[in-house]
Amino acid sequence: MVSIEDYGKYETAWCPGCGNFGILKAIKQALVNLGKEPHEVLIASGIGQSSKLPHYLKCNAFNGLHGRSLPPATGAKVANHELTVLAVTGDGDCYGEGGNHFLHTVRRNPDITMIVHDNQIYGLTKGQASPTSEIGMKTKVQTHGVFNMPLNPLSLAISLDCSFVSRGYAGNIPHLTSLIEKAIQHKGLSLVDVLQPCVSFNKLNTFNWYSERVYEMEDTGYELNDRVKAFERSLEWGDRIPLGVFYVNDKPSFEEHQEVLQSGPLYRNKPEKEKIDPLIDSFI
Amino acid sequence: MNIDLNLKIGGAAGQGLQTTGMTLSKTLKKSGFHVFATQYYLSRVRGGHNTFQIRISDSPVYAMTESVDLLLALDAASIEQHMAEVTDGVVVVDKDVIEVKEDQNSVFHVPMLKIARDVCGDKIYSNSVSLGAVIGLLCLEMSDLETILKLSFRKKGEEIIQKNIAAARAGYDHVKENYPGGCKFAVSEPDQKDDLMLINGNEAVGLGALAAGVQFLAAYPMTPSTGVMTYVAANADRFNVVVEQAEDEIAALNMVLGASFAGARSMTTTSGGGFALMTEALGLASITETPAVIFLCQRPGPATGLPTMTEQGDLQFVLNAAQGEFPRCILAPGTPEECFYLTAEAFNIADRYHIPVFVMSDQYLADSLFTLPRFDASRVEVERHLLTDQELRTKNEEYRRYKITPVGISPRALPGQVGTVVVADSDEHDEFGHINEDPDNRIKMNDKRMKKLEVLREEMPAPKIYGRPDASITLIGWGSTFGPLAEVVDILNEKGRSVNLVHFTHIHPLPAEEARNSLSKAKKTICVENNSTGQFARMLKVDAGIDVTGHVLRYDGKPFSPEFIINALKEKEVI
Ligand SMILES: Cc1ncc(C[n+]2csc(CCOP(=O)(O)OP(=O)(O)O)c2C)c(N)n1
Ligand code: SF4
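Order-wise, the sequence lines are chains A and B.
Numbered per the numbering used here, the first sequence spans residues 41 to 324.
Numbered per the numbering used here, the second sequence spans residues 39 to 613.
It is possible that part of the hints are untrue.
[Unchecked claim] Listing some non-contacts, in silico: residues in chain B with all C-beta distances to chain A over 10 Å:
1. R192
2. Q230
3. D463
4. E551
[Unchecked claim] Stretch by stretch, here's where chain B covers chain A in the computed footprint (C-beta under 8 Å, at least three residues):
5. 97–107
6. 306–315
Everything labelled a hint here was simulated from the structure, so no lab data went into it.
Since the model is a prediction, treat every value here as computed from it, not as a measurement.
Glycine is no exception: its CB is placed at the ideal position from the N, C-alpha and C atoms.
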């Protein structure tokens, strides 16, 4: 039996009170609930406060470059599809620097769970606007307030026909845990966009601000594979902000398209040198 | 060398130049000749003026030369641009199609279009008519061409095969009946027909990767590297390889690193512009100590440069790419044979040292066809250097991915192995892979990584010497220029000069001591490079304290020919 203790206890470099702690708890709990052992799990991350998360629990980790959590996650999943692969990233990391990878990883649909710590700000670089910052938010760089349209991750993902689209809240750990469990169980790319208060730099979207607005969707009122309805729902943002699963579309994953993986993980294949000679012959 | 003939086919893109050239190359190889073929093409899919040049000989040839013996002109530009190159040869042209202004003796009219229509009822067979005509002018028999045509059109059915053969024979007969004396060049087939391969550099790299057991290839298409990606993709199912076209080069190398981290032998293929985007991930490969093979096929830059031409202009870039200081390895094959073996070696070095390893080629080597002895796949070893489950279990200490060792190489476990977890980080980290910004730790980790470079340097073989070791003039070359340089050595030595070639395929870390030894005897050392600043010579100076006495440089987008080098040596009064 796997327990929370198996995932270790580490000191973090996060600010006290940060929403990241809730996300870490939820990830650990979800992995334990699913009975995943640390060696079966690989977390790929980018750079940012959020992306340090793999260092704060015991599992395989590839903490790569800013914006680049998804390509290594994809590569690792192809190399060994028996691993449970998570990509942990921030809103700047994933929707800013890594925007192109986000688009194309959705298209590719590897069986990876993306957990985006969406604090609507750049934390690690001390408080610049992110692609999801609210219009009007003033920062030391956006001195007149943000006027670029915020990106809506859920609408974008649904428009791209992402396989699993959901939103959680770092202040509601039980709900987030069950969301992450569902996302991991879903076969294909799963997005969990997590509203994450940054207590140091985002003075607008605070725990209070989110808590007053978020609500759990018990029932979405539509079939989860209804893209248009899901899109409509994803536009709801303001006094009320829905949490839960918005959209699910079961389609073949990237790995399922690769016939060579059917016989087992790619990395285990032995080179078959005897097949080289006929190839050489074709040049004679 | 008794036979040495240069055939040039000129035409617009889309006129079937490639097919005609390939068919002719295969036919001549089948007849027992050594073949060397290069292409000169523009960055467009149709139109423009391109050439396909084939040199045949009864001894090995690895370079093109500049004079032309037989010009097959499929467009007017061929006549305008290449007539002057044909000094004592023949120009084959269909005058019904191409207007030839100054009619010279060398021009021989073959009504290809008319023959194709008359014999096969369709002008598309005119390429085959031209093939027959060329074989006729060479005074060879038709049988090898027929065999090759049969093979080439195998998939299209018997009728198509027969029509092509009929067209070729009609072209052949036209020469026999109309060319004075029945044919132009008195060549006879070599008696000895070796079991030679006809292969270009890119195919050889792909073949080498497959022989080395590549499991994952992610790349973004970019001329002239794409051939490797397509070659591996074409064989991916049979060899259990996953090939993914990434959204960009950034993703490509990052994907490769993820796959490699999880245990798959992985590579990417690109050219300079694409590699510019990969530089970020190059450093990541190094600090995370993740093996990666990067095939970098050079073309002239900066930026988009000359997309379809050749240059060796990226050496200093590759040596220095990415921030910080870290080990990397650079191999530069000179022939397809070396492309094959060095690509396989690149995987072993990457897996042994956990570093990025480059195979640097260029458009010239990538696209040129060579005849070579059969590659020996049994010479390729697959060395993974991974901890087994058993070794992991019997370790009495907690596993450390970045354990400090005397040679800087740490034991490598894979994610998923029971009993441990593997942590990699782009931040400076401790032996376990966790972020650590402590100054002492930084020094230890940096030293550990750099140590690998020195250990690897010991293993890098000395440069090869072509010609007598004690020659008074030494030509120095690296990578693809081997062929033309070796030929220059042969030509000059035959004329009584004392010249040799010191050729480098193992570029970095440079085997400095051996380099100094092999260059110590010559009075003159001339570094010959396909770039404008002498990038390799600069490296020799910095890494081994070697000052060359002169340079021969070419950077007009074209590869070296022996004539070009000899002229330059004369101009510089080296010879
Ligand atoms: C290529 C590159 N550019 C910029 C940076 C600096 N940088 C580090 S984290 C970051 C933004 C992080 O924002 P987010 O992803 O939202 O993460 P958070 O810290 O808020 O969790 C930036 C710009 C970097 N490390 N690498
Ligand atoms: S800067 Fe913000 S996001 Fe980062 S740890 Fe502190 S509170 Fe959390």
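Hints and how they fare:
1. Look at R192 (chain B): its CB is around 13 Å from the nearest CB on chain A, clear of 10 Å, so calling it non-interface holds up.
2. No Cβ of chain A approaches the Cβ of Q230 (chain B) within 10 Å, the least distance being about 15 Å, so the stated non-interface status holds.
3. Distance check on D463 (chain B): its Cβ comes as close as 4 Å (rounded) to a Cβ of chain A, failing to clear the 10 Å threshold; non-interface status is violated.
4. With a cut of 10 Å on Cβ distances, E551 (chain B) stays outside the contact zone with chain A, its closest approach being about 35 Å.
5. With 8 residues carrying a beta carbon less than 8 Å from a beta carbon of chain B, the stretch 97–107 of chain A meets the three-residue requirement, and the given coverage holds.
6. Given a C-beta distance limit of less than 8 Å, the hint that chain B covers the stretch 306–315 of chain A holds, as 9 residues qualify and 3 suffice.
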